[in-house]
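**Q** Protein sequences, first through last, are from chains L and H.
Going by this note's numbering, 2 is the number at position 2 of the first sequence; the sequence numbering is gapless.
Going by this note's numbering, 71 is the number at position 71 of the second sequence; the sequence numbering is gapless.
Careful, some of the hints might be misleading.
So the derived label-pair ranges between C-beta atoms look like this [to be verified]:
hint, chain 1, residue 1, chain 2, residue 2, range
1, L, A57, H, S133, 38 to 46 Å
2, L, V327, H, E252, 37 to 45 Å
3, H, T25, L, K199, 53 to 61 Å
4, L, R252, H, R289, 33 to 41 Å
Note that these hints are calculated values from the structure, not bench results.
Please read all numbers here as calculations on a predicted model, not as lab measurements.
Glycine included, every Cβ here is placed at the ideal spot set by N, Cα and C.
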Amino acid sequence: MSAQTATDAPKSRGSGGRPPSGSATGARGGRFTRSAGLTISFALLAFAALLSLAVGARSIPLGDVINALLHSGSSQEEAIIRDLRVPRTLLGIVVGAAIGVAGALMQALTRNPLADPGLLGVNAGASAAVVIALALGIAGAASSVWFAFIGAAAASVAVYVIGTAGRGGATPVRLALAGTAITAALTALIYGVALSDVKLLQQYNFWSVGALGGRGRTQLDAVIPFIAVGLLIALALARSLNALALGDDSARALGTKIGRTRIGGAVAVTLLCGAATAAAGPMYFLGLTVPHAARALCGPDQRWILAYSAVLGGALMLFADVIGRVVVRPSEMPAGVMMALIGTPLFIALVRRKRIAQL
Amino acid sequence: MSAAPYTLPGRVVRVGEAVSLRIRTRTVVVSFALVVIVLALSIYAIGTGEFEIPPGTVVNALLGTADGGSEFIVRELRLPRVLCALLVGAALGVSGAVFQSLTRNPLGSPDIIGFPQGATVGALIVITIMAGSGLAITVGALTGGVLTASAVYLLAFKRGGTSGFRIVLIGIAISYLMISITDYLLARARIEDAQEATRWLLGSLNGRTWEDVGPLALSLAVLTPFVIPAARSLRALELGDDSAHALGLKVERARLALVALAVGLVSVTTVAVGPIGFIALTAPQIARRVARTAGLPLVCSALMGAALTLASDIAAQRLVPDRALPVGVMTGLFGGVYLAWLLTMEWRKGRG
């Protein structure tokens with residue numbers, strides 16, 4: 001993974017071997033730019049949220065949207081916004097932020113630019129656990145989130161164990177392949193279970209497409225505490241992640257507790273991905289795309305990357321959802337499919353870049 | 001070959017001037033053992049089910065000397081399914097061995113470069129959007145598979161050819177894209193269509209008759225003669241492009257022919273039973289390990305593919321009582337676990 005550090009090193013201005021934190025010399029200007037960038041990202045998120053409230057099967061002018069938000073009216077349009085679009089938009093922001101931050105955490109922890117919760121088997125683990133729980137009749141809308149956690153945790157541990165087997169540790173290719181193997185086995189298992197019951201198959205087919213449509217307050221309320229805890233853990237880890245970017249030995253020399261950082265990171269990833277998958281279904285490529293965009297905008301400091309990833313993740317999720325509502329009118333293209341369409345070209349571009357392909 | 005500084009294992013058999021074969025004792029023994037296993041599995045698969053038939057009667061029925069009732073069950077009901085499994089498995093085994101030899105990578109199988117996922121999307125578009133059936137589904141599946149695999153190849157291609165890992169990673173990405181589209185198509189389909197499509201896309205051997213076996217056997221019979229020259233050029237290509245060229249092989253033409261053969265074999269199986277995952281990946285690898293050859297043994301791969309497919313089908317039919325699962329569930333489960341094991345082993349040894 002030296003390539004990632006090599007890519008990012010020139011951007012950390014004048015940090016002279018120290019972790020590329022904001023306190024380095026000459027970073028004042030950098031911090032200003034980053035704050036400005038974060039403000040712009042927030043503006044982007046706000047714009048996406050307004051679009052998400054206004055665009056749909058029934059388009060509502062922006063003025064009316066703002067009116068409906070400020071005053072509690074009783075017209076049909078206000079009801080649509082309040083009861084359908086606001087929960088959906090909030091869910092999009094929360095899920096997008098969770099997956100964006102989870103992706104950033106995974107990429108930092110494994111020093112792997114190709115890490116994505118979907119590609120590393122976490123989504124498949126969560127899905128498999130939920131389907132099995134549904135088949136056994138022990139899961140409802142609220143309790144399925146717990147099964148998603150168990151599945152997500154088990155799958156990510158399995159992928160990591162396989163990926164780090166032998167000498168050389170976990171390279172991006174190894175982790176991606178281990179993720180593919182686990183995903184293949186779990187997908188077969190899911191279909192084996194789901195095919196046994198028409199109702200279950202229907203439930204699974206609906207749920208297996210990552211989407212925001214038809215989901216809302218129930219899902220949001222069920223997962224928001226977990227996502228909040230996950231985000232807090234992620235932020236608390238940011239400083240250690242900066243040290244970890246320099247390699248295990250340097251990080252240890254700088255006083256970072258590596259084991260604790262890894263475990264904390266794994267817990268945060270499990271909470272964020274499990275909760276997001278339980279709420280909106282599996283999303284591929286969001287967790288891959290967002291941290292790359294964040295790194296391109298704000299440089300290698302993990303504290304900023306995490307903050308940017310949260311905001312941009314929400315924004316991208318909403319944009320994907322809004323575009324999905326427009327492209328195949330009158331029906332909807334789920335946000336998960338839109339994300340895959342956006343994310344695949346980026347992944348391919350990353351792989352084609354020589355440095356990473358050689359890893 | 002005469003200038004080889006050391007003797008290769010095995011003995012050389014010559015028939016006149018034209019044919020000369022090197023036969024390794026271990027490969028022969030392994031092949032023979034695999035044939036025995038395949039026969040035993042077939043007799044077991046034919047003999048068990050809702051109506052049990054003892055192995056002796058099964059053999060008699062196959063030879064045509066049993067009573068009418070068991071003969072009907074054996075010949076008309078159970079034999080076509082078993083034959084389908086064997087033919088499909090053998091074709092997948094050979095196709096996988098060719099793909100893996102060409103990419104010099106155990107992961108270069110059609111499963112990894114997106115063929116089945118693309119075929120699924122193609123078939124689903126026909127089933128759910130164009131409301132087609134029969135031949136239309138077949139054409140859709142083939143178009144989808146070939147387009148996807150070519151896209152992966154082209155995207156992985158850069159100056160200096162395709163690197164093994166780039167093809168694998170891009171294959172993974174495109175596969176996930178196809179899976180997303182599949183999920184979407186399934187979710188918007190009517191539930192009857194969705195259930196039918198799910199069964200199809202996992203690959204199923206349920207309800208196969210002689211009408212399915214006929215075309216499958218015929219197309220494989222057409223393709224098989226091309227396997228023998230393919231095996232020769234594969235051996236040469238394994239030495240590297242330059243050495244193969246020096247041995248008198250037209251490298252690019254041979255490679256194209258091999259790709260066409262491998263894609264042809266996969267396509268035939270996809271048409272017959274849908275995309276059965278992971279046989280093409282696992283069979284040649286297991287065969288190579290059992291036969292302890294340097295390259296991938298084609299005959300052993302074919303037999304291993306047949307044995308694995310039939311064993312998976314037996315397990316899929318009998319694992320859950322009253323519920324015959326599609327064979328693809330078993331091969332996916334087994335293949336995923338095997339891939340994980342294979343990766344761990346290779347990396348332990350410090351390769352890959």
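**Q** Evaluate each hint against the coordinates.
**A** Evaluation of the provided hints:
1. Distance hint for A57(L) and S133(H): a CB-CB separation of about 32 Å, inconsistent with the stated range 38 to 46 Å.
2. Our hint of 37 to 45 Å for V327(L) and E252(H) holds, since their Cβ atoms are close to 41 Å apart.
3. Between T25(H) and K199(L) the Cβ separation comes to about 57 Å, which falls inside the hinted range of 53 to 61 Å.
4. The hinted window of 33 to 41 Å between R252(L) and R289(H) holds, with their beta carbons roughly 40 Å apart.
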